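Asks: Now for the letters of each chain:
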Amino acid sequence: MIASETGSGAIPMIKIKINIKIKAWPRLGRSEASQGYFLVAPPFLYALLLLAAPLAAIVLFSFWTQDYLTLDTTLTLKNYREALSDPLYGELLLRSLVISLAVTAATVLTAFPIAYFISFSVPPSRKSMWIFLITIPFWSSYLMRVFLWKVILGYNGVLNTTLTGLGIIDEPLSFILYNANAVVITLAHAYAPFAILPIYVALEKIDRSLLEASRDLGESRVMTFLRVTLPLAMPGVVAAVLIVFIPTIGDYVTPRLVGGPNGLMIANMIQTQFLKLNNAPMGAALAVLAMAMVTAVSLVFLFLNRRYLKGQK
Amino acid sequence: MKDTLGVERPIIALENVEKYYGEYYALRGISAEIRQGEFFSLLGPSGCGKTTLLRTIAGFEELSGGRLMIDGKDMKRVPANVRPTNMVFQSYAIFPHLTVAENVGFGLRREPLSRDEKARKVAEALEMVGLRGYGARAAHALSGGQRQRVALARALILEPKVLLLDEPLSALDKKMREQMQTELRRLQRQVGITFILVTHDQEEALIMSDRIAVMFEGQIAQLDTPQQLYRRPNTRQVGEFIGVMNFLPATATVSDETHIEVEAAGLGRAVIAPDQLPGGWHPGQTQSVGIRPETMSILFPGETTDRRVAIGTVEDLSYYGDMTYYVVRLDGVDRPMTISMKNLVGRPVLDRGTEARVAWDARSLVLFA
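In the order they appear, the protein sequences are chains S and X.
Counting along the first sequence from 1, when you hit position 261 you're at 261 in the UniProt record's numbering, and nothing is skipped either side.
Counting along the second sequence from 1, when you hit position 354 you're at 354 in the UniProt record's numbering, and nothing is skipped either side.
Any given hint could be a false lead.
Stated by the list, open to error - When the alpha-carbon atoms are kept at most 25 Å apart in a straight line, the in silico DMTMM-like pairs for lysine to aspartate or glutamate are as follows: (1) X:K161 with X:E217; (2) X:K174 with X:D210; (3) S:K205 with X:E102; (4) X:K76 with S:E212; (5) X:K161 with X:E315; (6) S:K78 with S:E91; (7) S:K205 with X:D361; (8) X:K118 with S:E212; (9) X:K121 with S:E171; (10) X:K73 with X:D210; (11) X:K161 with S:E212; (12) X:K174 with X:E240; (13) X:K73 with S:E212; (14) X:K118 with X:E102; (15) S:K127 with S:E204; (16) X:K342 with X:E315; (17) X:K161 with X:E127; (18) X:K73 with X:E8; (19) X:K342 with X:D361; (20) S:K127 with X:D361; (21) S:K205 with X:E61; (22) X:K76 with X:E127; (23) S:K150 with S:E171.
Keep in mind that the hints were calculated from the coordinates and are not lab data.
Nothing here was measured: the structure is a model prediction, and the numbers come from that model.
With the hints as extra help, turn the sequences into a complete structure.
Replies: Here it is as structure tokens:
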């Protein structure tokens with residue numbers, strides 16, 4: 001009302017300006033949806049070229065066969081039949097699964113108390129410092145850390161010399177390097193921060209008055225942990241499990257360096273097929289099988305997570 | 001709950017309770033007795049220690065000094081989970097991963113009851129708070145008022161000796177709050193459990209409580225019934241915190257125990273009774289009298305009265321429909337005072353600047369040191 005009395009001349013001017021703007025961008029200015037597509041196009045293109053295309057190539061390769069130097073492009077299930085019938089591949093797949101599950105369990109079980117400690121015992125002003133300290137191992141190279149474990153676990157390594165020096169053992173322990181145990185220890189250390197962070201975030205999100213309410217309703221500290229803290233931290237635990245499990249199953253550097261002959265995993269075989277045996281289709285088929293295994297296990301955990309997330313916002 | 005002498009034993013006895021965090025004193029020597037079955041409120045501005053006191057009773061805070069007895073037992077080193085108290089939290093603290101029924105039945109795990117008995121108790125508790133049939137719902141799908149009811153049912157199902165309520169109505173809108181006030185009062189009478197309510201809303205405390213402890217800076221300033229608190233506050237601070245009170249400078253002389261003479265600015269000389277000095281007599285101090293807005297009235301032109309009359313001027317007014325609040329300056333007084341008048345049939349609303357004849361009674365004066 002006031003505007004129309006005092007500045008009636010200004011209003012049409014503004015309208016004209018708006019019209020010009022719309023005409024300059026006839027298509028993109030039309031709807032929010034098209035603007036959205038425009039914005040996501042670059043990352044979508046990136047994802048298509050660098051993720052979907054290689055994946056499709058792997059799947060396609062796995063249905064081809066290698067005949068010495070020539071690639072037979074007739075589609076066949078021969079590679080899969082061989083992978084599933086040859087006990088060597090089966091054993092490697094199974095061992096990869098077992099080692100990954102062991103790494104995941106070890107990592108998450110050690111990460112939980114650390115995350116719990118930071119969330120519940122560290123004063124709020126120091127929490128970010130603690131989180132920062134936990135990332136310190138990541139400042140050194142992944143390879144460096146694997147080699148360091150070799151130094152620690154080796155026959156004449158830090159651990160064995162210390163233990164023999166103290167007279168606790170007479171002979172150096174040999175079961176700690178160049179086998180599956182060493183792979184589990186090394187990978188559990190490497191992935192610890194990845195497990196600590198999601199669990200910490202989930203614990204931080206728990207309203208502390210819920211814990212007081214549980215105590216008030218008659219539950220002890222232990223039962224409060226089991227009935228309130230743990231269920232509410234489950235999304236973080238499941239996230240940690242997935243974050244650790246998915247990459248470990250495909251890891252090949254650690255088993256190669258500290259695993260010895262009995263600690264090798266499926267990724268080492270895939271590498272061998274591609275680079276040494278020049279059998280890319282077989283490697284591709286093994287890769288697809290490994291992916292299928294990861295997918296199956298991940299789905300189980302996602303399903304669990306959904307159950308736990310059911311009641312929450 | 002009578003002891004051998006037939007004297008009513010308090011359900012909660014606080015003896016010089018202290019709580020400090022380093023240098024900061026949250027509670028500075030609280031002594032009070034809370035009676036079995038009463039609706040007791042802790043009222044005070046934020047930071048006065050009322051929530052700390054409630055959390056001390058619940059067992060979430062250790063005492064720094066003094067003694068806390070619940071039902072005759074010393075609560076020193078008794079953790080929250082074994083105390084005969086239950087709490088309704090300000091945030092309600094509804095478990096988000098459980099259903100309504102699982103929330104309400106949370107504390108029943110340790111009870112030696114069969115599954116069916118527990119389910120029946122939960123259904124009864126839900127019925128009591130007006131949430132019949134809500135058991136299977138997810139807790140996060142509830143409105144604020146419904147969460148409140150779930151929190152109440154969850155605490156009451158354990159039949160505590162004392163129910164502690166930490167500002168339970170502050171998150172609700174005005175209508176819902178008023179509804180819950182009457183409902184809480186009804187529920188308290190129905191179950192007969194002692195309720196202790198923490199609130200900063202003086203109106204809420206007056207409406208709901210049998211007795212109120214008004215707290216300032218970690219101490220109880222006055223512990224009384226709502227009527228007594230409103231009519232006879234024992235300090236100016238209490239009088240100001242509860243409702244509106246006008247203060248006028250005054251001097252007082254005591255002739256004898258029952259006969260106290262007051263000379264109040266703008267009102268003149270008056271004789272008051274000993275109960276009108278609830279804070280006690282402190283000779284030689286500067287004093288003031290307090291008077292509530294609704295105990296005075298402005299006479300319309302030509303109206304006569306047998307009450308005392310003081311003369312002043314209407315400085316301002318706020319018209320509320322049912323009421324008019326006048327700001328009146330009495331002749332010879334610097335500070336204006338508030339007078340509230342019901343807008344009855346035939347009573348005109350006075351204009352600014354007109355002369356006001358203010359009728360008052362010596363009975364409604366309170367003398368403060």
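Asks: Evaluate each hint against the coordinates.
Replies: The hints, checked one at a time:
The straight-line distance between the Cα atoms of X:K161 and X:E217 is roughly 28 Å, outside the 25 Å bound, and the hint therefore fails. With a CA separation close to 22 Å, the supplied pair X:K174 and X:D210 stays within the 25 Å bound. For the suggested pair S:K205 and X:E102, the alpha carbons sit about 21 Å apart, so the restraint of at most 25 Å is met. Annotation: proposed proximity of X:K76 to S:E212 holds, straight-line Cα distance about 18 Å (limit 25 Å).
With a C-alpha separation of about 53 Å, the suggested pair X:K161 and X:E315 falls outside the 25 Å cut-off, and the hint is violated. Distance restraint check for S:K78 and S:E91: the Cα-Cα separation of roughly 19 Å lies within the 25 Å cut-off, and the hinted pair is therefore satisfied. Restraint check for S:K205 and X:D361: not satisfied, since their Cα atoms lie roughly 59 Å apart, outside the 25 Å limit. Restraint check for X:K118 and S:E212: the C-alpha separation of about 23 Å stays at or below 25 Å, so the hint holds.
Taking the CA atoms of X:K121 and S:E171, the gap is about 65 Å. The hint is violated against a cut of 25 Å. The straight-line distance between the Cα atoms of X:K73 and X:D210 is roughly 24 Å, inside the 25 Å bound, and the hint therefore holds. Between X:K161 and S:E212 the alpha-carbon distance is near 18 Å, which keeps this suggested pair within the 25 Å criterion. Straight-line distance between C-alpha atoms of X:K174 and X:E240 comes to about 23 Å, which keeps the hinted pair within the 25 Å bound.
Distance hint between X:K73 and S:E212 is fulfilled; the C-alpha atoms sit about 22 Å from each other, no more than 25 Å. Taken as a hint, the X:K118 and X:E102 pair is honoured in the structure, with Cα atoms around 10 Å apart against an allowance of 25 Å. At most 25 Å may separate the alpha-carbon atoms for a hinted pair to count; S:K127 and S:E204 meet this at roughly 10 Å. Note on X:K342 and X:E315: the hinted pairing holds, with a Cα-Cα distance of about 18 Å set against a maximum of 25 Å.
Proximity of X:K161 to X:E127 is assessed by CA-CA distance (about 21 Å); at most 25 Å being required, the pair is judged to hold. For the hint linking X:K73 to X:E8, the alpha-carbon distance of about 15 Å falls within 25 Å, and the restraint holds. With a C-alpha separation of about 18 Å, the suggested pairing of X:K342 with X:D361 holds against the 25 Å cut-off. For a cut-off of 25 Å, the pair hint linking S:K127 to X:D361 is broken: about 63 Å separates their Cα positions.
With a C-alpha separation of about 23 Å, the suggested pair S:K205 and X:E61 falls inside the 25 Å cut-off, and the hint holds. This hinted pair does not check out: X:K76 and X:E127 have alpha carbons roughly 36 Å apart, beyond 25 Å. A threshold of 25 Å between alpha carbons decides the hint, and for S:K150 with S:E171 the separation of about 18 Å falls inside it, so the pair holds.
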